[in-house]
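When you get a sec, could you build the whole thing from the sequences and use the hints?
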Amino acid sequence: MSWRLLTLAGAFATALVTTALPSAAAEKSAVSLEGIELAKPTAEQAEALNLLPESLQPYYVGYWLLAEIGKNPYAGWTPPEGPWKFCYNDSYQGNSWRQAALDKYKALVADYKEKGLASEDLVVTNSNNDINVQLSQLNNLVREGCNVILSIPSSPTGLCSGIKDAHDKGVLVVTVESPVTCPEAINVGFNEYFVAAKTAKWVADAIGGKGNVFLINGIPGLAPTLARHQAALDVLGNFPDINVVGEVEGQWTPSTVKTNTLKFLATHPQQIDGVVDSGLGAVSAWQAFEQSGRPLPKINGFVGECSYLAYVKEKDIPVYSTSQGGAAAVWTGFDVATRMLNGEKPVVSTLLMPLPEITPENVDDWYTPDMTVQSSCFADPPDGRRVSPEFLDQYFTKG
Amino acid sequence: MSKSVLVAYAMVPLLFILSMVMIPGFGSWPSIVSLLVIASFLGIASIGQTLTVLLGGIDLSIPAIIGLANVLTVRWYGAGIPFPLVVLMVIAVSMAIGATSGILSRVLNAHPLLVTLAASFMILGAVLVYTEGQTIGTVPDYLMAAVSPAGRTGPIPFPPIVVVWFALTLLVVAIEQRSLLGRYLFATGANERSARLALVPVTLVWAATFAVSAGCAAIAGILLAGFSGGADANVGQPYLFQTVAAVVVGGTALLGGSGSYGRTFAGTLLITELTTFLIGLGFSERIQQMMLGLLIILLVALYGRESHVRSQI
Chain A
0 MSWRLLTLAG AFATALVTTA LPSAAAEKSA VSLEGIELAK PTAEQAEALN
50 LLPESLQPYY VGYWLLAEIG KNPYAGWTPP EGPWKFCYND SYQGNSWRQA
100 ALDKYKALVA DYKEKGLASE DLVVTNSNND INVQLSQLNN LVREGCNVIL
150 SIPSSPTGLC SGIKDAHDKG VLVVTVESPV TCPEAINVGF NEYFVAAKTA
200 KWVADAIGGK GNVFLINGIP GLAPTLARHQ AALDVLGNFP DINVVGEVEG
250 QWTPSTVKTN TLKFLATHPQ QIDGVVDSGL GAVSAWQAFE QSGRPLPKIN
300 GFVGECSYLA YVKEKDIPVY STSQGGAAAV WTGFDVATRM LNGEKPVVST
350 LLMPLPEITP ENVDDWYTPD MTVQSSCFAD PPDGRRVSPE FLDQYFTKG
Chain B
0 MSKSVLVAYA MVPLLFILSM VMIPGFGSWP SIVSLLVIAS FLGIASIGQT
50 LTVLLGGIDL SIPAIIGLAN VLTVRWYGAG IPFPLVVLMV IAVSMAIGAT
100 SGILSRVLNA HPLLVTLAAS FMILGAVLVY TEGQTIGTVP DYLMAAVSPA
150 GRTGPIPFPP IVVVWFALTL LVVAIEQRSL LGRYLFATGA NERSARLALV
200 PVTLVWAATF AVSAGCAAIA GILLAGFSGG ADANVGQPYL FQTVAAVVVG
250 GTALLGGSGS YGRTFAGTLL ITELTTFLIG LGFSERIQQM MLGLLIILLV
300 ALYGRESHVR SQI
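In the order they appear, the protein sequences are chains A and B. In terms of numbering that gives the first Met the number 0, the first sequence opens at residue 0 and continues consecutively. In terms of numbering that gives the first Met the number 0, the second sequence opens at residue 0 and continues consecutively.
Hints listed in this document are in silico derivations from the structure and should not be mistaken for laboratory results. Incorrect hints may have been included.
What the hints assert, rightly or not - Facing chain A, from chain B, some residues (calculated, C-beta under 10 Å):
#1 Thr99
#2 Leu123
#3 Leu127
#4 Met143
#5 Ala149
#6 Gly150
#7 Thr152
#8 Glu175
#9 Gln176
#10 Ser227
#11 Asp231
#12 Asn233
#13 Pro237
#14 Leu280
Stated by the list, open to error - A short, non-exhaustive set of chain B residues, derived as facing chain A with CB atoms under 10 Å:
#15 Gln133
#16 Ser178
#17 Asn190
#18 Ser283
From a predicted model like this one, the values you see are computed outputs, not experimental measurements. A virtual CB, placed ideally from N, CA and C, is assigned to each residue, including glycine.
Below you can see the structure in the form of structure tokens.
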């Protein structure tokens with residue numbers, strides 16, 4: 000069977016690369032959090048961390064603000080024989096992030112189909128953020144014989160009955176980018192807290208560790224908003240000369256960021272040196288400064304919007320952004336699923352990763368001249384991946 | 000009647016002076032222009048809400064029309080259609096949708112609350128289907144300059160959006176007070192049955208009013224495209240409650256027949272001032288909303304003592 004051969008070849012190639020590169024620490028980090036006091040785990044949380052190899056534990060700091068870690072629920076699972084049926088239980092498709100993710104997943108499955116590893120094209124459902132609809136769609140996908148279901152749940156608890164049922168029937172459910180609390184799911188995403196801490200640390204360093212800073216927050220009440228907000232405050236608390244002068248509710252919506260930043264600037268005449276943005280707000284915030292006749296502060300990027308790169312290029316100002324594009328996100332979920340189909344076992348139920356970083360050194364690998372401040376795209380990593388295959392190896396034991 | 004007009008108008012300078020005293024920088028020129036720009040979006044979007052409320056209805060489709068206009072503007076201009084034509088097309092599409100909502104409300108005798116709510120879902124759904132979730136496209140630089148607080152309109156030291164808002168305000172108030180449509184509007188809002196008996200073309204008045212409402216929402220959506228530099232189908236979301244709040248705070252009765260856009264103008268300024276004042280004091284969005292709620296209750300207590308025009312005659 001050709002897929003076995005291919006898998007073997009893949010494993011061989013991976014082994015070659017792994018030996019060629021000295022260690023998995025090849026994940027080069029631009030902004031270091033060394034010496035920074037961050038959130039401390041309770042005894043119970045520390046115990047859960049010990050399920051992980053030591054090399055991964057730093058990447059899980061603050062995980063409890065967004066996810067739970069448990070043992071691999073598929074430890075006793077026998078992967079089905081290929082070719083497999085891949086399915087997508089999406090909750091919304093109305094923005095370019097979701098569209099990029101869908102397109103990537105479709106392309107990955109089409110590629111698998113060509114190689115004889117997928118039985119058919121990707122099967123897609125979309126619940127338009129209605130969790131009950133999403134649950135019934137999930138149940139239908141299980142009934143239709145999907146082997147692998149990637150899901151972006153619109154609630155951390157609402158799909159649990161369906162996920163348990165899928166697990167009991169031997170169907171692999173992997174959530175992408177929004178971890179659920181159900182113990183039967185495999186969750187793949189990035190560590191919101193860790194990544195936000197890095198962005199805040201960059202802003203703090205960029206303004207020389209002193210000055211006035213404000214935060215731009217996400218949609219109130221959501222776990223990522225809370226985790227990113229807490230991370231920013233924790234990091235900035237390490238700098239006694241940095242003064243957090245306020246917070247702006249941006250809701251990850253450029254027009255809202257701009258409105259509220261203008262209002263903020265109208266009532267805060269003091270010099271603002273830095274802004275910690277929790278996503279999609281940097282360019283709008285800069286425009287608000289510009290249009291209020293104020294000097295531009297240092298602002299991080301978070302998602303890695305093309306508009307952010309275009310703006311920093313145009314203004315020739317310092318750049319630092321993490322990259323959280325949809326295509327790379329879904330590829331990581333797909334990678335985890337296919338590794339599990341090939342017998343690899345994740346060490347825990349929730350795989351939290353760092354995000355690639357866009358820095359002055361590598362920005363030219365990310366930026367393309369067709370990007371403008373009005374672009375709605377996200378800059379994809381040069382190799383399309385969030386983390387290297389060798390880095391991902393650390394999350395698995397070979398079956 | 001004239002007393003309650005004074006309430007909103009008196010509060011605008013009072014709150015401004017209080018803010019200036021309590022918050023350094025509030026009274027500076029860039030701050031004032033920023034506030035006027037932000038108020039302009041709300042003000043333009045609230046024109047339609049005021050008129051439909053005067054009619055005894057309400058327009059819940061304003062956020063969806065704003066989103067529709069926002070996405071279409073960016074997309075069509077990005078596709079190479081000349082901008083003036085894009086504006087005309089977007090406003091025409093929006094007005095057609097608005098007119099349909101107005102007519103349906105009368106023909107089906109359904110409350111516009113339901114009709115415009117249904118229209119919202121259909122509009123936003125259609126936008127997603129049409130664009131497949133891709134918000135590609137671009138806006139002309141002069142549109143961005145037109146809504147920038149740093150912009151100017153020739154010799155006038157305000158950006159064009161503020162000038163447009165002021166001009167629209169004068170126009171709408173003139174229509175309300177001096178035109179046949181204005182008289183029909185108040186007559187229908189005060190008592191639809193007597194308006195019919197007085198040979199007012201009620202269905203036509205509803206169609207025209209909802210069309211104007213959608214047209215104003217479309218203008219707000221087009222301007223918002225310049226403000227954020229990109230398209231977002233959900234950009235209008237804040238303008239559902241805010242437009243109703245601007246109408247109520249201004250003192251136009253939700254029962255219809257009494258009020259004026261001139262009042263909403265003051266209500267818009269007051270809301271923008273209040274939220275900015277609260278941001279200046281460091282209050283979160285939650286507290287801002289609570290305070291806005293308090294303001295509405297306070298003002299309704301002041302306004303609410305007047306009985307409906309129908310029972311005053």
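Going down the list of hints, with the structure as the test:
Checking Thr99/B against chain A by beta carbon gives a least distance of about 24 Å; that is not within 10 Å, so the hint is violated. Using the Cβ-Cβ criterion of 10 Å, the hint placing Leu123/B at the interface with chain A is satisfied: the shortest such distance is roughly 8 Å. Satisfaction of the interface hint for Leu127/B is found here, the shortest Cβ-Cβ separation to chain A being roughly 5 Å, below the 10 Å cut-off. Of the supplied interface hints, the one on Met143/B holds, with its beta-carbon coming within about 8 Å of a beta-carbon of chain A, less than 10 Å.
The beta carbon of Ala149/B is positioned within 10 Å of a beta carbon in chain A (closest approach about 4 Å), and the interface hint is therefore held. Residue-level restraint check for Gly150/B holds (minimum Cβ-Cβ distance to chain A is 8 Å; threshold 10 Å). Checking Thr152/B against chain A: minimum C-beta separation of about 15 Å lies over 10 Å; hint violated. Violation of the interface hint for Glu175/B is found here, the shortest Cβ-Cβ separation to chain A being roughly 28 Å, above the 10 Å cut-off.
For Gln176/B, the shortest C-beta to C-beta distance to chain A is roughly 32 Å, which exceeds 10 Å, and the interface hint is violated. Residue-level restraint check for Ser227/B holds (minimum Cβ-Cβ distance to chain A is 4 Å; threshold 10 Å). Satisfaction of the interface hint for Asp231/B is found here, the shortest Cβ-Cβ separation to chain A being roughly 7 Å, below the 10 Å cut-off. Nearest Cβ of chain A to the Cβ of Asn233/B: about 7 Å, under the 10 Å cut. The hint holds.
For the restraint placing Pro237/B at the interface with chain A, the shortest Cβ-Cβ distance is roughly 7 Å, inside the 10 Å limit, so the hint holds. With a least beta-carbon distance of about 8 Å to chain A, the hint placing Leu280/B at the interface is held under the 10 Å criterion. Against a cut-off of 10 Å between C-beta atoms, the interface hint on Gln133/B holds, since the closest Cβ of chain A lies about 6 Å away. The beta carbon of Ser178/B is not positioned within 10 Å of any beta carbon in chain A (closest approach about 33 Å), and the interface hint is therefore violated.
For Asn190/B, the shortest C-beta to C-beta distance to chain A is roughly 39 Å, which exceeds 10 Å, and the interface hint is violated. About 7 Å separates the beta-carbon of Ser283/B from the nearest beta-carbon of chain A, less than 10 Å, and the hint is met.
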